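Colleague: Protein sequences, first through last, are from chains A and B. Per the working numbering, the first sequence runs over residues 1 to 378. Per the working numbering, the second sequence runs over residues 1001 to 1344.
Hints in this document: simulated from the structure, not taken from any laboratory. Don't take each hint at face value.
[What the hints assert, rightly or not] The calculated label-pair distances, taken between Cβ atoms and stated as ranges, are:
1. G1251(B) to K12(A): 25 to 35 Å
2. E262(A) to S1182(B): 20 to 30 Å
3. G100(A) to R1249(B): 28 to 38 Å
4. D1229(B) to K304(A): 57 to 67 Å
5. N183(A) to G1130(B): 54 to 64 Å
6. G1130(B) to A122(A): 56 to 66 Å
7. K304(A) to L1029(B): 47 to 57 Å
8. G1200(B) to E35(A): 56 to 66 Å
9. I1344(B) to K295(A): 33 to 43 Å
[Said to hold, decoys possible] Computed far set for chain A versus chain B, every beta-carbon distance over 10 Å:
10. D60
11. L95
12. Q188
13. E262
14. E303
15. G310
These numbers come from a predicted model, not from an experiment. Yeah, the Cβ is synthetic: ideal placement off N, Cα and C, and Gly gets one too.
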Amino acid sequence: MPVTILSGVTSKFGELWDVSPRNLVKEVALAAADEAGFALDKIEAVFVGNMLSSSLGGQDHLGAFFSEELGLSVPAVKIEAACASGGMAAHLAYLAIKSGQYKNVLVVGVEKMTDHKPEAVAAALMGAGSEGEREAGATFPALYALIARAHMLKYGTTEAAMAEVSVKNHFHASLNSHAQFTNRITRQMVMESPVVASPLKILDCSPITDGAAALILSSKPLKKGIIISASQAATDSLGLAQRLDLTTLKAAVSASNKAYQEAGVKPEDIKVAEVHDCFSIAEIIAMEDLGFFPKGEAASAIEKGKTQLGNNRLVVNTSGGLKAAGHPVGATGVKQLVEVYQQLKGISGKKQVPGADLGLTHNIGGSGATAVIHILKK
Amino acid sequence: MDAGILGYGLYLPYYRIKTAEIAPVWGKLASDIERSLGISQKSVAAMDEDAVTMAYQASLDALLDAGINPGKIEALMVGSESHPYAVNPTSTILGEFLGIGHSYLATDLEFACKAGTTALISLAAMISSGTFSTAMAVGSDCAQAKPHDILEYTAASGAAAFILGTKHKAIADIVAITSYSSDTPDFWRRDGVRFPSHGGRFTGEPAYFSHVENCGRQLFEKSKLTARDFRFAVFHMPNGKFPKEAAKRLGFTEEQTAASLIVKDIGNPYTASSLIGLAAALDQAQQNDLIFLVSYGSGAGSDGLVLRMTKNAGKKRNGANYQERQYRKKYISYLDYLKFRGKI
């Protein structure tokens, strides 16, 4: 039984100071129901992807919280898997449909971050890290800086090549009205931006963002519908110290291999992908972990524009990615699915990839401790 | 309204610290900070100075400039967000030191960076109503900033005082006043907490700009004047960029704000910021010049007032003007800064 995506919606991403998580979720859930062509009361279960509602907002029990807001009394639950919370919520919703228990389910990803001080957000995000690294004072930019250094050392990856990831993603975001940053940037701007954790500069890093995204998944088959042909997840050690190789995320490799197998497709079949570029180096590693480029060759491929819009083989992060569209952590995984769903439907406007018929999403939690991969088919 | 400024005085401490001195301590490039805040130095009060001593210095100059006996002051209001005491008014200490006597209304005001302008418009309204004939409004701050907070580059010290009276002796008539307030928690300090907290970028658009622009537009409407009618435009200056941007949005030119842009020399002495800016504009204003002023206090609100210079304007002042206050200064190290502000 295939799982069909009936609708997909994202809110505006950015500093949404006058909007609460309630408003955000209501906005995307109602719009998703509207697009699916039915009222919300057809929803039989709600899966909420969110990371920080407890540590930053003091609000636990998020399933019932949003269920109340939407006027529903169906099973509803918060799924937390750090920055992969959204992808994991979709994965569990997918399994819930597959089980035959529910016909129509709502997946919502939401995060409200900009109401809090950056240092409070950075500390809360480290809840996704290992105890040892947290106590040592590491933050995610520091951990990804270590990963970047390891990749530079092993494969000769340059800071300039990493900068090109951000340049490309800002270019894509300039075509996305829902993106947090719609300004185009240059390699020089990235290279000259303030250093956060060497070699990562501020323009190598994804921002703090408010936003929500929603999907309605269904067991109802649709003519010309978009289906989820694979949904897989894997985990790895929380900390970097326990890993044999820092230049790859084992969980992403494992989950994507299982996903390709489930969907019966190969990496070269994918036309459009949304990957977890929380830092520029993360997109380079994602390209290699997903099998799009041989190990050590993704950086130069990105530098040559091989994953930018206008390319006929593969376009990556048409939304602008986490870097430019924004990274409301619990919403990111759902937003990635919405973006690929819209690409396959052919409704992506100026950022439409022509002929997109097979897409992939790659959502990472922590510094690679959770990976969730989805493959969508037209 | 029947109220105007009879005289004014300002006080700046002797010490300055440069952005280039603070930035390297925290691993920042001074050029990055200067570019993002539009600020390169700020004034620092000495170890033995606080909001009271600076208010006293500015008030003495104001009395001298107005040429009136302290005993004539019937009301004294002091605005500050660094009153040395939580309970025990700055205004009575000041009144005693100045020798105002005891038959006067004294009160302290606190409204982040706009308490001083609130003192000014409140007293102007009381004078215009005939309740008092002479009064003094003071804004004074030893601005607090936590080490390593972005505020550390801007939070400065200074004071300004204004003697208010009825129109006939005024150097500047107060033509119109207005205010704009809302519950916007962009910057705060809880009782007993030493340093203020702030909402980072939230202090911009929904806070400073929203209030300053709305208050400014109200003031245009109320005074039936437009930006081009004014020779000077004065704003609260939390950093070097915000006042320039607010001025631009309200239709003012750089020339109109140049005289009052004191932030480039002394940073942001909180309550005293727009008042010292006003004093710097008054230093240069001639008969019939119009001055536009909009302050901003976090929490949040803006006061606006329009002043028209009278025939008494332009005469030689008693007391040092803003430019003269710049000549006497000394640049200090970050360590001295910490010591002077009692942080070590």
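Colleague: Give me the numbers of the hints this structure contradicts, sorted from smallest to largest.
Modeller: 2, 3, 7, 8, 9
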